[in-house]
Structure formats: C-alpha cells, structure tokens
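Peer 1: Chains A and B are the protein sequences, given in the same order. For what it's worth, this note's numbering labels the leading residue of the first sequence as 1, then goes sequentially. For what it's worth, this note's numbering labels the leading residue of the second sequence as 1, then goes sequentially.
Keep in mind the hints are simulated off the structure, nothing from the lab. Remember, predicted model here, so these are calculated numbers, not experimental data. Keep in mind that the hints are not guaranteed to be accurate.
Straight line, CA to CA, 25 Å or less: simulated BS3-like cross-link-like pairs of lysine-lysine [unchecked claim]:
no.: 1; chain 1: A; residue 1: LYS102; chain 2: B; residue 2: LYS140
no.: 2; chain 1: B; residue 1: LYS127; chain 2: A; residue 2: LYS37
no.: 3; chain 1: B; residue 1: LYS140; chain 2: A; residue 2: LYS37
no.: 4; chain 1: B; residue 1: LYS127; chain 2: B; residue 2: LYS140
no.: 5; chain 1: A; residue 1: LYS181; chain 2: A; residue 2: LYS102
no.: 6; chain 1: A; residue 1: LYS268; chain 2: B; residue 2: LYS19
no.: 7; chain 1: B; residue 1: LYS208; chain 2: B; residue 2: LYS179
no.: 8; chain 1: A; residue 1: LYS102; chain 2: A; residue 2: LYS268
no.: 9; chain 1: A; residue 1: LYS268; chain 2: A; residue 2: LYS181
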Amino acid sequence: MPESFSRAAPRIEPMAAESPLAGFRTLLFKEVLRFWKVGFQTVAAPVLNALLFLLIFSHVLDRHVTVYGEVAYTSFLVPGLVMMSVLQNAFANSSSSLIQSKITGNIIFVLLPPLSYREFYAAYVIASTLRGLMVGAGVLAVSAAFVEVPMAHPLWVLGFAVLGGAILGSLGVIAGIWADKFDQLAAFQNFLIMPLTMLSGVFYSIHSLPQFWQDVSHFNPFFFMIDGFRYGFFGQSDTSPWLSLGVVGLCFVLLAALTLAMLARGYKLRS
Amino acid sequence: MSTPAIRIQGVSKHYGSLKALGGVDLEVGQGEFFGLLGPNGAGKTTLISALSGLVRPDSGTLAIMGHDVVADYRNARRNLGVVPQELVFDPFFSVRELLRIQSGYFGIRSNDDWIDEILASLDLTHKAGANMRMLSGGMKRRVLVAQALVHRPPVIVLDEPTAGVDVELRQGLWQFIRKLNRDGHTIVLTTHYLEEAEALCGRIAMLKAGRIVALDTTANLLRRFATHSLAVRLEHPGRGVELGGSAGEGGWVDFAFDSYTEVEALLARLREAGAGLVEMRLGEPDLERVFVEVMNRA
C-alpha cells in the first residue's frame, strides 16, 4: 500500500499575501507588460497610422477648410485623431488580451487565483486606458511638431481621454468575453466600434452636416467623447462640454455596471 | 479530528440535459495521496473545475481546507494549486516572468527564493529565462506544475499531468510529487495510467456518469474487486474453455480465482481433461482489473 494514507501529515500553510491589492497590481502590471513587450505593434504602429491620416487630410483640406471660424483644419483634426487613437487602442487592448487568453486557454491562470471580479475588471480597464493614453500622447507629441495645437483646458483633455479610454476598455472586456472566435471580435470592432468612431466627428464638425445628421450624431456617445475632448484644446465645441461630460460619464457608469454584472455572473468565464 | 483537505457535499452540475455531476459526496484528508479515476466524460474534470471555482455547481458545497469555494473563495483558492489537463501557456513571457506573475496573482510579489527552489526541483533552472514558446511539451508541462506550486498550496490537484509525457519525465515528476506529499501536501490525482494510481494513491474514488461508484483504500479495492488470474497455454485450448476459462490468442486461456489454494485443483482438472499444458503464468490483482470490474458493475 502506498505510504501516504497511513501517516499523520505535517500541516502546510499557504504563503500569505503581502497586501490586499497585490494580486490586482500584478494583473495590471501583466496587462501593461503584455502590450509593452510588443510596443511596435501596439503603440508605435497606431501612432504612425494616425500621422498618415493627418498627413493626407492636411494636405488635401487644410487650405480649403476652417472650423470654429478661424481654426485651421489640420489643427482641428489633431484632437480628433488623438481621441480616435485613444478609443481604438483601449478597445483593442482588453478585447485582444481576453480573446487570446480564452482561445489559448491561459485565461485559467487569471481565474484560479483569489482575484475578485472587481479587481479583474479594474486591471483590464486601467491597462487598456493606459495603452490608449500612451498612443494618444504619442500622436499628440508627434503632431505638435508639425501642427500648431493649442490646449485651452488640459484637465478637460485628460478627463475625456481617461473616460473615453475606460469606456472603450470596458467595451473591449465585454467583446473579449462575449466573442468565441476572432471573427466575432472583428465583427464587433468593424460593425460597431469603427462606424461609431468614424461618424462621431473625428474628421469634421457636425455643424457641417445637414440638420438630420446633426440630430442623429447626438445619439452617438462617441460624438460627445470627441467633442468634449476637442473643447479641452480649443475652448470651443459643437455642444456644451458639460453635456458631453454628463453623457460620457453616464455611459461609463452604465458600461461598467454591465461589465461588472457579466463578470460577477462568470458569463463565459466560469460555467 | 483535523479539517479535511477537501470536502464535497451533494455537488450536482448539469449542462443542459447532460448530467456532469449527480450529487457527489467526498472527503479527502490532509496529507492523502488521493486518486480520482473514471472513463472519459465521467465528471473528473468537472469536479476539479468546481473545486477551483471554474465551474459553478447547480447544488451542493465544496470546501478546501475548511474554506468554502464560493463564500470564502479567496482563502479556498489560496489553499489550492491546480495543474490543468491542457498544455496551456502565455506566449508573451519567459518561465521566470510567468512564475513571478502567477505568484503575484496570489499576492506574493517577493517570492524568488521559492521560485528558484521549484525551478531547481523541476529541472527548469536553465530554462528560467526562456520564452514559453521555446520549450518542449514536457518542459511546458513542468512549468504548469511550477505555476500550481508557486504559492505553496497545501492541496494540489493534478488533472492527468502525465498525458503525452515520456517515461523519464513521468518518473521525475512522480518523484517530485511524492516528495511534496511526504512534506505534507495533499495530492489529488486524475490519470488514465492506472498502474500509476495503484503505485501512488493511498485511496481512490472511481467516477462513472457523474457519480462515485467506488471509494476505498487502494488495498481494499484490490482485495474486494480484483481476482487473481492464471493464464495457461494449452495444446487443446477448447478443453480449457470447457472448464470455465476465457480464450485468448495463441492457445492461451485465462482462469480467474480468488485464492492460490484453487490453483492445484484447477491444474488437476486440466490434466484430467487432457488439455496439454505447454506454458503458464500467474497474474496478481491489479487496479486495471478493479477498474473494469467496477465500471461493469456500476
């Protein structure tokens, strides 16, 4: 008979946690390290993409279009491109991390430890926001070398960038958990995120649209993200920045609640 | 009496109309080397997943070292290490980074001494800086074991850890797991290699269709269910079959019996029948026979 059943075993104690938040901090660190290790793909490439947009549109339109009366089109465009980069990269970070982990199966390493669903949510969303902010800062820094970009209210700029990143990070968590294959994630990105971003006023002021499309734009929360963000640069916007802040803040609260409810139920993660 | 390492009470789990677990009750004592056996689809992995919080049972409760896996999940998970069945890894990180990260998830961020010890014990020290993608299947399997141990859990569950692993690595792995058990870790093992379970496990539970159909010490199971066997090669195998044997290939006929005292009488009957004994060998009871017997009866 094997010996193990017959003897008294010494008591083993698991190692104690160093602090209540150490697990969360590790997951956040790992998510940041994950995108930073492939920084050319996750940070440098999106910056280059945004600059190509800037180059092409500024070349074609700068001498023909002004916005808010006297703002040159290229200057107007920069905040839109910065915010678009923040949003797209925040979404890409959490969604791609989760779907890759699910498909390869290594999500198990995050599900087995004593992390709460709130810690899980916070780590993925903060890492996504950080990537969005890094790419956005990169686009802004490089653009500023070529284009005059004022910054009338930096706190509004930062506030909308953080909220926009957190909203898209949350959407990325939802999409990454919901999608069972890359095809479904691409559909989420191409049929929802991309149209909402492109039709939000990244490239134009909604005052240049017919009245009907101006009204439709007010149902697009991405419009308020871009418009509020742009207010931080020019001190002017298509709609009140306080209204934008209210809409964007409400969107974040609703999406955070939805994502947390999914995680609490263990939707598609804990069967 | 000490708290059981694992306590499972009335656990059921259905996936639609499929019953994965049907009211499982089980206790595993601290320090045991426990085997969980069953055919594919018996519910072993579902039971392990329920223990580790990956599956939420429809009813019943599970506790690790006295900590409920739902109500007190943080302490339950801190006390449990799981080596998953699938060979999964994160391709972004090196072995050491992976172990540091896994340790950090459990709240232990300064753990290099223990990580070095695990790496040395699993013969992975020279691969500590290698990316996971660069490792062979056997080495990836060892890293999975290391990840399960990184927070030094008292209870370790190994879900078919030697599937697809070569003999040398398998033996090294068992040597290491045996040492962990001697040090006081409770080990729960699922495997399809029944000779491994027989050699290692002090107690065994057998599952079939989500129910425990046998639960006893390995010695008792062998005593209760398995019979000795006598295999004889005969010039006239048909005469052996007429005496109650079961025909095999190449003139071999198998006879099952409970005690060696029956062998003499059996050989005498074969001689009287003129079966013509050419060759014979005795078989000890083994877990494979027990397993087949239990599954057939259940």
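Peer 1: Now tell me, hint by hint, if it's right for this structure.
Peer 2: Status of the hints after comparison with the structure:
1. LYS102(A) x LYS140(B): holds (18 Å)
2. LYS127(B) x LYS37(A): holds (20 Å)
3. LYS140(B) x LYS37(A): holds (21 Å)
4. LYS127(B) x LYS140(B): holds (10 Å)
5. LYS181(A) x LYS102(A): Holds, at roughly 9 Å.
6. LYS268(A) x LYS19(B): Status holds; Cα separation ~19 Å.
7. LYS208(B) x LYS179(B): The hint is violated at about 30 Å.
8. LYS102(A) x LYS268(A): holds (10 Å)
9. LYS268(A) x LYS181(A): holds (13 Å)
Taken one by one, the earlier hints fail for this structure only at number 7.
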